[in-house]
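J.: Use the sequences and the hints to build the structure in full.
Start counting the sequence shown at 97; every next residue gets the next number (this note's numbering).
Fair warning: there could be bad hints in the mix.
Said to hold, decoys possible - Distance windows between CB atoms, simulated:
| id | residue 1 | residue 2 | range |
| --- | --- | --- | --- |
| 1 | S163 | C117 | 52 to 58 angstroms |
| 2 | T162 | S115 | 50 to 56 angstroms |
| 3 | V128 | F157 | 24 to 30 angstroms |
| 4 | A182 | T162 | 28 to 34 angstroms |
| 5 | T158 | D113 | 56 to 62 angstroms |
Please keep in mind that the hints were generated in silico from the structure rather than gathered at the bench. Note that the coordinates shown come from a computational prediction; the quantities given were computed from them, not determined experimentally. Heads up, the beta-carbon is just placed ideally off N, CA and C, and yes, glycines get one too.
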Amino acid sequence: VDEERFTKWQHPGLCADNSWCKHMIANFSEDVLVGYRWNNAQDVPSAFPFGFGLSYTKFVFTDLHTSCSGASASVAFRVSNVGSRAGTAVPQLYIGFRSLRPVLRQLRAFK
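T.: Here's what the structure looks like:
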């Protein structure tokens, strides 16, 4: 994986004299842009998306329905296992609002 997302101060950390030592200090300067949030903000695809390689079957998502009423929103869809093996899907819902900046999308629900 060729991601240059961390400086040595961020991972694995350094000591006061910029060297390796037993009790290093890691500087978490990414603030709220951790994990997928950093990838989205930097427009860099994840090397391994959530759940990558964890299924031996295939799922399809159909019949998407959305609705909004005032400050509430609803999302519904059908998940079907179309593969040859048993399995379980964990759909995730990400939302984005200007008020979340610098975060572009935030995980809000999963089942």
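J.: Taking the earlier hints as the rules, which of them does this structure contradict?
T.: none
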